[in-house]
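Once you've looked at the hints, dock chain P against the given chain F.
There are 2 protein chains.
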Amino acid sequence: MSQQQTNDFTKWYIETIQKADLMDYTPVRGCIAFKPDGYELWEHIQAEMDRRFKETGHRNAYFPMLIPESFFQKEKEHVEGFSPELPWVTEAAGEKLEERLALRPTSETMIGYLYSNWIKSYRDLPVLINQWANVFRWEKKTLPFIRTSEFLWQEGHTAHENEEDARKETMQMLNIYKEVVENVLAIPVYDGQKTPSERFAGAVDTYSIEAMMKDGKAVQAGTSHYLGTKFAEAFNIKYLNRENKHVYVHTTSWGTSTRLIGSVIMVHGDEKGLVLPPKIAPTQVILIPVGPWKKTPAILEKLEEIHKALKEKGIRTRIDDSDQSPGFKFNEWELKGVPVRIELGPRDLENNQVILKARDEDEKISVSIESVVEAVEKELETMQKRLYEKAKAFRDANSHTDIDTLDQLKEHIANSEKNGTIPGWILGGWCGDDACEAKVKEETKFTSRNIPFNPPTTKHTCITCGKEAKHTVWFGRAY
Amino acid sequence: MSQQQTNDFTKWYIETIQKADLMDYTPVRGCIAFKPDGYELWEHIQAEMDRRFKETGHRNAYFPMLIPESFFQKEKEHVEGFSPELPWVTEAAGEKLEERLALRPTSETMIGYLYSNWIKSYRDLPVLINQWANVFRWEKKTLPFIRTSEFLWQEGHTAHENEEDARKETMQMLNIYKEVVENVLAIPVYDGQKTPSERFAGAVDTYSIEAMMKDGKAVQAGTSHYLGTKFAEAFNIKYLNRENKHVYVHTTSWGTSTRLIGSVIMVHGDEKGLVLPPKIAPTQVILIPVGPWKKTPAILEKLEEIHKALKEKGIRTRIDDSDQSPGFKFNEWELKGVPVRIELGPRDLENNQVILKARDEDEKISVSIESVVEAVEKELETMQKRLYEKAKAFRDANSHTDIDTLDQLKEHIANSEKNGTIPGWILGGWCGDDACEAKVKEETKFTSRNIPFNPPTTKHTCITCGKEAKHTVWFGRAY
Numbered sequence: 001m002s003q004q005q006t007n008d009f010t011k012w013y014i015e016t017i018q019k020a021d022l023m024d025y026t027p028v029r030g031c032i033a034f035k036p037d038g039y040e041l042w043e044h045i046q047a048e049m050d051r052r053f054k055e056t057g058h059r060n061a062y063f064p065m066l067i068p069e070s071f072f073q074k075e076k077e078h079v080e081g082f083s084p085e086l087p088w089v090t091e092a093a094g095e096k097l098e099e100r101l102a103l104r105p106t107s108e109t110m111i112g113y114l115y116s117n118w119i120k121s122y123r124d125l126p127v128l129i130n131q132w133a134n135v136f137r138w139e140k141k142t143l144p145f146i147r148t149s150e151f152l153w154q155e156g157h158t159a160h161e162n163e164e165d166a167r168k169e170t171m172q173m174l175n176i177y178k179e180v181v182e183n184v185l186a187i188p189v190y191d192g193q194k195t196p197s198e199r200f201a202g203a204v205d206t207y208s209i210e211a212m213m214k215d216g217k218a219v220q221a222g223t224s225h226y227l228g229t230k231f232a233e234a235f236n237i238k239y240l241n242r243e244n245k246h247v248y249v250h251t252t253s254w255g256t257s258t259r260l261i262g263s264v265i266m267v268h269g270d271e272k273g274l275v276l277p278p279k280i281a282p283t284q285v286i287l288i289p290v291g292p293w294k295k296t297p298a299i300l301e302k303l304e305e306i307h308k309a310l311k312e313k314g315i316r317t318r319i320d321d322s323d324q325s326p327g328f329k330f331n332e333w334e335l336k337g338v339p340v341r342i343e344l345g346p347r348d349l350e351n352n353q354v355i356l357k358a359r360d361e362d363e364k365i366s367v368s369i370e371s372v373v374e375a376v377e378k379e380l381e382t383m384q385k386r387l388y389e390k391a392k393a394f395r396d397a398n399s400h401t402d403i404d405t406l407d408q409l410k411e412h413i414a415n416s417e418k419n420g421t422i423p424g425w426i427l428g429g430w431c432g433d434d435a436c437e438a439k440v441k442e443e444t445k446f447t448s449r450n451i452p453f454n455p456p457t458t459k460h461t462c463i464t465c466g467k468e469a470k471h472t473v474w475f476g477r478a479y
Numbered sequence: 001m002s003q004q005q006t007n008d009f010t011k012w013y014i015e016t017i018q019k020a021d022l023m024d025y026t027p028v029r030g031c032i033a034f035k036p037d038g039y040e041l042w043e044h045i046q047a048e049m050d051r052r053f054k055e056t057g058h059r060n061a062y063f064p065m066l067i068p069e070s071f072f073q074k075e076k077e078h079v080e081g082f083s084p085e086l087p088w089v090t091e092a093a094g095e096k097l098e099e100r101l102a103l104r105p106t107s108e109t110m111i112g113y114l115y116s117n118w119i120k121s122y123r124d125l126p127v128l129i130n131q132w133a134n135v136f137r138w139e140k141k142t143l144p145f146i147r148t149s150e151f152l153w154q155e156g157h158t159a160h161e162n163e164e165d166a167r168k169e170t171m172q173m174l175n176i177y178k179e180v181v182e183n184v185l186a187i188p189v190y191d192g193q194k195t196p197s198e199r200f201a202g203a204v205d206t207y208s209i210e211a212m213m214k215d216g217k218a219v220q221a222g223t224s225h226y227l228g229t230k231f232a233e234a235f236n237i238k239y240l241n242r243e244n245k246h247v248y249v250h251t252t253s254w255g256t257s258t259r260l261i262g263s264v265i266m267v268h269g270d271e272k273g274l275v276l277p278p279k280i281a282p283t284q285v286i287l288i289p290v291g292p293w294k295k296t297p298a299i300l301e302k303l304e305e306i307h308k309a310l311k312e313k314g315i316r317t318r319i320d321d322s323d324q325s326p327g328f329k330f331n332e333w334e335l336k337g338v339p340v341r342i343e344l345g346p347r348d349l350e351n352n353q354v355i356l357k358a359r360d361e362d363e364k365i366s367v368s369i370e371s372v373v374e375a376v377e378k379e380l381e382t383m384q385k386r387l388y389e390k391a392k393a394f395r396d397a398n399s400h401t402d403i404d405t406l407d408q409l410k411e412h413i414a415n416s417e418k419n420g421t422i423p424g425w426i427l428g429g430w431c432g433d434d435a436c437e438a439k440v441k442e443e444t445k446f447t448s449r450n451i452p453f454n455p456p457t458t459k460h461t462c463i464t465c466g467k468e469a470k471h472t473v474w475f476g477r478a479y
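Going down the list, the protein sequences come from chains F and P. According to the numbering used here, the stretch in the first sequence is residues 1 to 479, in order. According to the numbering used here, the stretch in the second sequence is residues 1 to 479, in order.
Isolated chain F (complex conformation):
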């Protein structure tokens, strides 16, 4: 992380996404406009996710956005969890409504109501449905992409014959999230189970993938829930099983949202602006004529040729032949995070070469014009992996496994503040008592991220009370 980023990471983040033209604020509290360069990041994430959902047998559907108040009352934990954040429609077409309608924060209740009509027999199972939609959570503190009053997401909702099938689905979808976030967004994540206090409202078990931003804070990048029969009981979703008995289905739900856009920025960005993983960059290659190029028409012609050849390979590319100086253009496209820059000037043309520069590396390399397509393809692939490795090295360096007590954690945090470094996350033992978890939060603002499936080491004593640890938990500050 650069000095500029360290000084005020949030300020850097907000300035960067605005300068890079990803979003704009609006007069509606906490609601942003996704500008084309911001929205296209979402389109690429959507396409990658959607393909994998379909390959695993899911289909998309669309459910009403407005949810009757009475639906929320049916699942006690659910209503307690979401009520404080709901916006309500109370009038329509000039009349007061008999029942208030909530703007959906998530669709378990509406879908529970419908599934109870759709599912009659084991032959109807599993139901494997996903929805791409806007949702609303009227939160006090907002941050573009990361926490907004309205955001875009996908929510999968499945129903199964038994617990085993439902748990298998829950894990399958968490694994898909991990694969996309790591391979497409180049963001390493810890996968694991949430502690009870951090569970989705109404879930039996919640699993998450957790990503570390450059300021050391965590973003919960995706969650997958085993809901047991809680919603089935609340909405009476019963089916005739193979033994001819009416029993409850087991349901799951899982979601990822536009906060993934924010995570990409906060994991890869630097003091020059965005650094976008090639797989989701709206522009993957920017071609810039340099030197006295206007006097040599052959330069633009050659760039057009390269542009065409790259496009034919499915590479998203643009030529910047505007009147600005090369230096201005370099800054501009670096700010926008374009992975690869190609420069071509009169001398390069004479030497039958171009200059290639990757956004995240300092040196430039010369590439013969004949092999430029090949070189670009290779660089996009290499950079995709390199960004992941860099992010992983950063994440690992800031994942501390040598802290065993609350006092040590406080000392670690104090040292970070003194040294101007980030505190990162720590791996701590936990006895399983909510009070011990709450005390960590109270005294350090570190919250439990998840109980990782594969902790780098196992902790034997609770970080708070020192008794025997039942779980090894990642703790960190979170968005």
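In short, the hints are calculated from the structure, not lab data. This one's a predicted model, so the numbers in the text were calculated from it and none came from an experiment. Some clues are possibly wrong.
Stated by the list, open to error - Here chain F is said to cover these stretches of chain P; the calculated rule only asks that three of the stretch's residues, wherever they fall, bring their Cβ under 8 Å from a Cβ of chain F:
| hint | segment |
| --- | --- |
| 1 | 52-61 |
| 2 | 64-75 |
| 3 | 111-119 |
The beta carbon of each residue, even a glycine, is placed where N, CA and C say it ideally should be.
Relative to chain F, chain P alone:
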């Protein structure tokens, strides 16, 4: 149109879309759930539209769904047009809002507000943005897909330097709509200009494509608006032009919605159920084993082979090897509108052939197993064109050009009712007086559909007053 459809077209429509599993009603007034088979129709329409939008330089964005009441006040005609249909958020997170927020019926106002910040100079123009979103219009009478309180659509919003560019854009997008609706949905449309009384609230000129359903009623299948400088003036969207003067931009907007799904059903469906154009059918080919197939494992093996070969060609195909009888399966997949059925029984296998049947034709044909992929590809293509031709023949046969006066129109309608035929549409002259247009509606329930660009003939006298006609207009009953 079959007898069953004639008797009560709406009843047939609602029963068919429910039996075919496209949608379900919900307890929220006028809001439906799009089930996977219904939603997938939309996904295919989206993909076809979106590709064409991008090919013509448009990019997607996303704007807030909630619109402050004060925004609507800024354009007088706009607020008058939409106010009666708005649902309002008045409270959120337990507090009453200071200003009511409308659920967007369309986004001109929010986008107008933002464009006024984004557009500064002619270098920023044109702005070519599209949005895929949910919108709300709280209407009294609803009909699934065709008119629902919440629906899905796309809305393009562009800004240009001058009227000429904006009008070119308006027509370009209308032409894209016509091309998609005709070539992808196999629905012939009349393209033309709306009369002033049927204009979009706030437009200078509205253009539409109009499709005739099997009951003779019209669906406005897409609209494209030249908004002039009306929204630019309301939201102060000014730019520095090439002559260094601050002037208003000229804007357009254009939209198509999930009512296209309803149109497909009402144009192509028959008494057996849906008839889906191959290009958007979720399942294009259904493979069904017949005869005593369970005793001959080679049958399912061969179907698997064919299934695989079709999939490799990108054809959406399924095998129905359930325990139901072939007759039951035939009905089921005909109801769902699957374009092509392949049957394979023991005798067929001996003869090295399959039976192929197109959904919209009566006869079955034998095809050698070696050439089945080729035959299917050809049939899908032929059927796509045939559905268009059938729909066009129907539309043309019910587009009457020989009616010149209101009395003749009334007689025509009376005859239709007596004979149990549909009145269809009529081409009428119009003097341009709103009162004459209103009288047609009052006395016949026929409304002006549009002033076609290429009328089959030109009318010289106004259908109502008999004076000189300024326009030749399609009139018909509409959804």
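Checked hints:
1. For the segment 52-61 of chain P, the stated coverage by chain F holds: 3 residues have a C-beta nearer than 8 Å to a C-beta of that chain, and at least 3 were required.
2. Figure legend: the segment 64-75 of chain P, annotated as covered by chain F; annotation consistent (5 residues with Cβ-Cβ distances under 8 Å, at least 3 required).
3. Only residues whose C-beta sits within less than 8 Å of a C-beta in chain F count toward coverage, and the segment 111-119 of chain P has 4 of them, enough to reach three; the restraint holds.
No hint from the list above goes unmet by this structure.
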